[in-house]
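Number of protein chains: 2
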Amino acid sequence: MEEDFTAAERDALYKAIFSRRDVRGQFRPDPVPDEVLTRILLAAHHAPSVGFMQPWNFIVVTDPQVKSRIHADFARANEEAEAMFDGERRSLYSRLKLEGIREAPVNLCITCDRERSGSVVLGRTHMPAMDLYSCVCAVQNLWLAARAEGLGVGWVSILHEDALREALGIPERIVPIAYLCLGHVTHFEATPELETKGWRKRLPLEDLVFRDRWERRAPEIPSPPGERVRVRGSRSKDFQASRTPQPHRLHAVHPPHPSPLPGGERGIAPPSAGPTQRARNASSGPAVIVGRAASSSCSSAVCRSVQADRSTRGAAVASSHSASGRASSTVQAASKRARSAS
Amino acid sequence: MEEDFTAAERDALYKAIFSRRDVRGQFRPDPVPDEVLTRILLAAHHAPSVGFMQPWNFIVVTDPQVKSRIHADFARANEEAEAMFDGERRSLYSRLKLEGIREAPVNLCITCDRERSGSVVLGRTHMPAMDLYSCVCAVQNLWLAARAEGLGVGWVSILHEDALREALGIPERIVPIAYLCLGHVTHFEATPELETKGWRKRLPLEDLVFRDRWERRAPEIPSPPGERVRVRGSRSKDFQASRTPQPHRLHAVHPPHPSPLPGGERGIAPPSAGPTQRARNASSGPAVIVGRAASSSCSSAVCRSVQADRSTRGAAVASSHSASGRASSTVQAASKRARSAS
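Residue numbers (the working numbering), protein chains in the order written: chain A, 1 to 342; chain B, 1001 to 1342.
Hints are not guaranteed to be accurate.
What the hints assert, rightly or not - Derived DMTMM-like pairs (lysine to aspartate or glutamate); straight-line CA-CA distance at most 25 Å:
#, chain 1, residue 1, chain 2, residue 2
1, A, 197, B, 1113
2, B, 1097, B, 1172
3, A, 197, B, 1215
4, A, 197, A, 79
5, A, 97, A, 63
6, A, 201, A, 63
7, A, 201, B, 1113
8, B, 1201, B, 1086
9, B, 1201, A, 115
10, B, 1197, A, 115
11, A, 97, A, 113
12, A, 97, A, 193
13, B, 1197, B, 1115
14, A, 97, A, 115
15, A, 201, A, 189
16, A, 197, A, 212
17, B, 1097, B, 1115
18, A, 97, A, 79
19, B, 1201, A, 113
20, B, 1197, A, 207
21, B, 1197, B, 1161
22, A, 97, A, 30
23, B, 1197, B, 1086
24, A, 201, B, 1115
Hints in this document: simulated from the structure, not taken from any laboratory.
From just these sequences and the hints, can you work out the full model?
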């Protein structure tokens, strides 16, 4: 099959994925137009579902009284949650803003009707949570669509399920999956707030990937996102350009956090006891951004902040696509640029 | 905040969402380059996670022996699953291809480590499934990224969890969330196979949306996706162009199934007993596609097939975006075109 997404389209998807945030504190009061809401709900409705059962419903909440009631339950639940932590952790927790229920113009509850297509569902017999998971896929579709529409979304999970059911009249047979706040925002943070505020750090992808068996390291994939750009001819053993014979076109994708943070805690013990097979040099210098995206079509606020974030953190991911022969000169130019910059 | 996604970028995201398919039968054997795999895994790793715990791992399976072992379990599970259905339904089930385990060059198991950040997790205290759901968000990110990379993905849920654990060495404390098949494909189907083959139909979005309370209809949102295009000045009560004062630019988004199928079974009893408040005329004529996307930048195979699908099914969704003033002439032209075409 011919590739049916252009590089620009692919980049746009990655842009949504990498710039999506869990928004709690930047909601603006202006209403979300119905047609925008329709589009993002349609995106949710086009999520995959087990046996094509489409078990979701969407309760759009704009009534301030309903929001206040749910917010009151959040306040109770959050006190309980805070009490689970001790000392400094509790102090930090208490300073986090964890919801935007009243400020966000729209709240949205996504539910799962487990009986939607009868008791036997194709694909659910052996993995009974599949219908719940389908609804989560709908949440993520909606979240990304909202991001592309310029809408922030925050998932509030510090609620008592019973209180939520009561506030929204959700019957016993229906499972609430997600309670979301959404609306236009003053800005999107360049990094997740829980990272900025010191709660936890992003883990290095390479520690999370195994090959063929739990804990068996995958030395070739993925290439460590914290590495500086590797292009063909520079250090191709570290960043293998391709296994296919075609020439390649390079472009940068836009992960705001491609690197393990310099000196940062890992937050997870590496499953294998041995040292990782590649040195990490994420903190050794400024980012090298090569290729099309860097040169560069994207001048949006997010991209600028991502690039600022990159240049302080010092990493970029260069990647190559199977592409037509004419792209090879781009590769060479990009490769040259990368070498001279590093 | 200024809009930071262009209309083209937004459309690209919707294109991925609406053209994503659960692929079982069209895998090609050519390998997936490591750097492509890295990108889609990085997309998964940038999913939202409760308390930023990032509880996922990714086991990349390419060993034919491991695949065969898992396929053997699928065969057993599938016999059991088939036996759950009777008569014609069983016969139809038996003709469905429900996995591509051996054909797909890459299988991928996504798991959840519920203890990754200790026993108390920010946001999980009151909704204990949140860590599992975070991993599902990662699945959906990966699925969309794969689609934009031209890779098909199929989620196989007809497996015994114990067999899967054993085949991959997954320890007891780790929860397998998803087993995916992925690879390049000969083509993407324009419609979900379970729909094409008569298993179930897509539900009308309007039946799934409530306002402020369970089963309370949302008459304004969403506008019925099965409606023919409504633009400002034609039937704006049915498709309200906007609540904001700005002029609008129209463009079509690309849902392959915007319409309730003509004469199709609904598959779900409408929760409210009364008639829906708007007539459905999805089957009354060919699609009217207005605006930029229709006129039209997208000539990809998918878009062509979507348009073919549309013209036989008879519907399109026109939508409006907040945009700059110069767009108003586009609106008027599109509106005129739509009226003369309908």
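Now the hints, each set against the structure:
1. 197(A) x 1113(B): holds (24 Å)
2. 1097(B) x 1172(B): violated (31 Å)
3. 197(A) x 1215(B): Violated, at about 40 Å.
4. 197(A) x 79(A): Status holds; Cα separation ~20 Å.
5. 97(A) x 63(A): This hinted pair holds, its Cα atoms lying about 22 Å apart.
6. 201(A) x 63(A): Given that 25 Å is the threshold and the Cα spacing comes to 37 Å, the pair is violated.
7. 201(A) x 1113(B): holds (16 Å)
8. 1201(B) x 1086(B): holds (20 Å)
9. 1201(B) x 115(A): holds (16 Å)
10. 1197(B) x 115(A): holds (22 Å)
11. 97(A) x 113(A): Not OK: residue 97(A) and residue 113(A) at ~31 Å, beyond 25 Å, violated.
12. 97(A) x 193(A): Holds. Residue 97(A) to residue 193(A) sits at ~9 Å (cutoff 25 Å).
13. 1197(B) x 1115(B): With a Cα-Cα distance of about 42 Å, the restraint between residue 1197(B) and residue 1115(B) is violated, given a limit of 25 Å.
14. 97(A) x 115(A): Violated, at roughly 36 Å.
15. 201(A) x 189(A): holds (15 Å)
16. 197(A) x 212(A): Status violated; Cα separation ~36 Å.
17. 1097(B) x 1115(B): This hinted pair is violated, its Cα atoms lying about 36 Å apart.
18. 97(A) x 79(A): holds (13 Å)
19. 1201(B) x 113(A): Status holds; Cα separation ~16 Å.
20. 1197(B) x 207(A): violated (42 Å)
21. 1197(B) x 1161(B): violated (28 Å)
22. 97(A) x 30(A): holds (21 Å)
23. 1197(B) x 1086(B): holds (17 Å)
24. 201(A) x 1115(B): The hint holds at about 16 Å.
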